[in-house]
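Undergrad: The chain contents come next:
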Amino acid sequence: MSESYFNFNHQRPRISRREAIRRTLLAGSGLLLADHIAFRAFAAEPTARAKAVIQIWMWGGPSHTDIFDPKPETGYDYCGPLKTPLETNVSGIRIGELLPLLAKQADKYSIIRSMTHGNNGHETASYLVQTGRQPGGRTVFPCAGSVVSLTKGYDAGYKGLIPPYVVLTEPQGRFDEAGFLGSKYRPFATGGDPSKTPFAVEGIIAPGISSQHQKDRRELLQHLDTLAQALPDHPQVVANRQAENLAYDMILGEGAKVFDLSQEKQELRDRYGKSKFGQSCLVARRLVERGIPYVTINYGGWDTHKGNFQAMQRQLPEMDKGFATLLQDLGERGLLDSTIVWWGGEFGRTPKVMWEEPWNGGRNHWGKVFSAVLAGGGFKGGQIVGSSDAKGEEVKDRPVYPVDLLGSIYAQLGISATTQLPNPEGLPTFVMPQPADNIKSAGLLHEIMSA
Amino acid sequence: MTKLVPLFLKLLHSPTRLNLCMRTRAGKWAVCQSGWLAVCWLLFLLNTSLFAASPFEGPMPSAAQSRIDELVFARLKTLNIPPARLCSDGVFVRRAYLDVTGTLPSATEAQTFILDHSPGKRAALIDRLLARDEFADYFAMKWGDALRIKAEFPINLWPNAAQAYHRWIHDAIRDNRPWDKIATDLLTASGSNFEKPPVNFYRAMQSRTPTGIAQAVALTFVGQRADHWPTNELANLAVFFANVAYKATGEWKEEIVFFNPAATNTGALNGRNQIALFPDGGTVTLSPDQDPRTVFAAWLVKNPQFARSLANRTWSWLLGRGIVQEPDDFRADNPASNPALLDFLATDFAASGFDFKHLCRTILNSQTYQLSAITPNPSSEAAANFAFYPLRRLDAEVLIDAVDQITGTNETYSSAIPEPYTFIPSDLRSIALPDGSITSGFLDQFGRPPRDTGQESERNNRITAAQKLTLLNSSVMHRKIESSRMIVFQTSPGRQPTEIVSGMYLGILSRFPTAEEQQAAQAFAQYGVGRRQAAVDLAWALMNCTEFLYRH
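In order, the protein sequences belong to chains G and X. All residue numbers for the first sequence refer to our numbering, where the first residue is 1 and numbers rise by one. All residue numbers for the second sequence refer to our numbering, where the first residue is 1001 and numbers rise by one.
In isolation and in its complexed conformation, chain G is listed as follows:
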């Protein structure tokens, strides 16, 4: 029976009879049925529609009811001063009132209003959303960026000088992106601040050292490298020289070029916004343009336990500018069709406002229901997936679990669910969880995936 239950073409994990029976029982109870459907969708190699992902990671957990899932009918106790959502350029879709630019781009993205996992811890929920796995197991799984780095990076013929998985600008910390894949698949974190000149990209652009100074130093080094001169053809010396040349191609060439935002028109830079986030969006577009398959913008400041509305008023216009301009710019350059833009954080926030001291209008963590946004790369725009209830407290219909969202992204990238990950224990481990892993799933986002 196991033969037909798993409709995998290859790399089917061997399972024992007892395990097979256990699974049947679970499937009978309905728990695994949805997974079954999701996994079957991958039986054949998916066709790649997208080449790259830009992940806008809303670190801290953005308030879903203030941003993409407004609930003006719930009154002041729930929506505070943000009570007049904006109509967008897609009729029937309303979003938060502090997002006028995104309101004009709604035809480009779809909003998932029924994301859920029920976890309220930053680290654990972050892990859940970005790996699709339950935290706390013996194995630490890689996040989507590292999976893409494995399947689309140097092992898959990527030849770029810039590493295939870039984080703007700092890694989250407390979360090992690569998990058991190891340091080779960790992101390259740029450091620095793209809204400053120069954008001090770690290892590539050193503030205070002009490119002339870099060249002078390099010449000094070459002239003092007496051992290399004594052994010019020694294999180790040759390898060292090649690595050094590549490094300088980055420092003086390609790397310096990609991260040099002065090459962009001032008008466009202004449209993105002069903030660190806005300029990060612009850098992300430049990276994708050069073939980097995965870029994460780590955008903090959304953990608004206190003074939520002040934070929204301060930060949402900045987010609106960067995100909306990114969509527009990608669209104008014909890159949106091949670039997935994924916006979201680890959870949402308590829909009912805490007005009392010391919160003064704050919102807590809310993993029961929250929003995510997908655009481009084969995802349809102008759609709403699922919904939350009247107060934004529970999933009302069509729950979307983290693994469903990640699985849909992998599918658009042409990454097969059954691609094996190199597990250090030699266990059969795949890009997508197996039914036996008991990961909750409600199926891929077929409703917004182009046929």
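There's no promise every hint is true.
Some chain G residues near chain X, calculated using beta-carbon distances under 8 angstroms [said to hold, decoys possible]:
id, residue
1, 202
2, 221
3, 230
4, 231
5, 232
6, 235
7, 243
8, 250
9, 251
10, 291
The hints are simulated quantities; they were obtained by calculation from the structure and are not laboratory data. We treat Cβ as the ideally placed atom computed from N, Cα and C, and that holds for glycine.
Add chain X to chain G, keeping to what the hints say.
TA: Just chain X, lined up with the frame of chain G:
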């Protein structure tokens, strides 16, 4: 700055200008310098004039002076491969410090050695280095890799046990305990992982089945990958470990490893006598009255392969590759490049009572070890037969320790799962880290072994462009150099340009600069952006030289 490089290139490339300048400088020095600097100057003039090829080489090796040299040179002669020259004193002092203690010599240590004219100074330095604490730190690191000393996944020793195990190995190396005793202790220990540290040998492996243990034993003490053995031979070896049992206690993460005569694993005694086969085909009757591990350990340490595998491992640590290479992959179809050499080392090691320092001393005092890395023929055959000292990138730990020593800075370490009772002093050197789970971004990037399998090949010393970016241009390296005590000292008022350049060469490359290097560095400094920036640039350049990054 812009105009300076072409200028100093001209200086370098035009013989007339160069000579003229040298005279001018020499004249200046005659006025302002005296004492040892004049001696140094003479010395490096001597260096460059006698062995004009490079500051790296000494005379040709003389006729073989030790058994090692006889065997190596005889082999090279049959192959018609000439050996390299001997290395210079400057190269030797750096090499010996790095290979014996994993630590860079200080400027003073390098200078004292180079200026010492006593004939037996290399042997004397070797003895001093073998007595240093860093010798134990460094070889405990090497054994920590081989024994997989690591708190977290996939080894899961847990922090206190990893610390206790490391401490035990460290002290055994420091006290130069005989290796037959160390191996016997590791193989026969019973008790708590906290109180009896060697029991952790049986815990530090991914698979604790009798077969898994047998594989770990074969890798560690026989130098063989037992997963390539025929199944029945692996099963025969596993019999000796089939009665190893584990149990938890009330103490958090404490575990008892013990002999359970009634264990029921495949091949276990299960209360009865049993005939077992040693890997060499000999038989023995095991009884439930005696832990089979004791029987195996007694057999192992008398078997020539035990001495051979340890001698080969040690040789590979000091000379960059094994006589059997990989050093932990003895196979019939992977023969020793010089079998007589391996036999000699193994026999001598066993005869010395498995004295590890004796083995190191014997190798280090050979001319073979002291050959230069400069060779006209870096062929793989010449390399496999030790015709020259092989260039290899410094280990991650050694490299960052060297950078920190020069700049007077520290590392920040972290562990995947921070454990409240593990205190890491801020000045702890990377070679002395007890636990493979405690790491830093630098160590990860430069290929420190994850300690998952215990194979020597886990360590990755291949250079990459990303590593180069870190070394050439990262904020971390810039900060270390900028804040370096060395820069402050070297640019303090009153220090002469020649002193500055010589001091930085001694501190970073462990030798005096040649006349040309002194000249080039000063030309750079004089037309540059001020004294301090010039010193920073010079330190940066020297720390990015092949000579700094590679053992040579």
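Undergrad: Close enough to count: is the Cβ of residue 202/G nearer than 8 angstroms to one in chain X?
TA: 6 angstroms, holds
Undergrad: Taking the closest Cβ pair, is residue 230/G under 8 angstroms from chain X?
TA: Given a least distance of 4 angstroms, the restraint on residue 230/G holds.
Undergrad: For the restraint on residue 251/G, tell me whether the closest CB of chain X is nearer than 8 angstroms.
TA: Residue 251/G check passes; min Cβ-Cβ to chain X is 6 angstroms, inside 8 angstroms.
Undergrad: Does the closest beta carbon of chain X sit nearer than 8 angstroms to the beta carbon of residue 250/G?
TA: Holds, because the Cβ-Cβ distance from residue 250/G to chain X comes to roughly 6 angstroms (cut-off 8 angstroms).
Undergrad: Have a go at the residue 231/G hint: is there a Cβ in chain X nearer than 8 angstroms to its own Cβ?
TA: Hint holds; residue 231/G Cβ to chain X Cβ min 6 angstroms, cut 8 angstroms.
Undergrad: Against chain X, is residue 232/G within 8 angstroms by beta-carbon distance?
TA: 11 angstroms, violated
Undergrad: Holds or violated: the hint that residue 221/G contacts chain X, with Cβ atoms closer than 8 angstroms.
TA: Holds: closest Cβ of chain X sits about 4 angstroms from residue 221/G, inside 8 angstroms.
Undergrad: Does residue 243/G hold up as a contact with chain X if the rule is Cβ-Cβ below 8 angstroms?
TA: 5 angstroms, holds
Undergrad: Measuring from the C-beta of residue 291/G to each C-beta in chain X, is the shortest one below 8 angstroms?
TA: Check failed: Cβ of residue 291/G comes no nearer than 17 angstroms to chain X, outside 8 angstroms.
Undergrad: Taking the closest Cβ pair, is residue 235/G under 8 angstroms from chain X?
TA: With a minimum Cβ separation of about 7 angstroms from chain X (threshold 8 angstroms), the hint on residue 235/G holds.
The structure shown violates the earlier hints numbered 5, 10.
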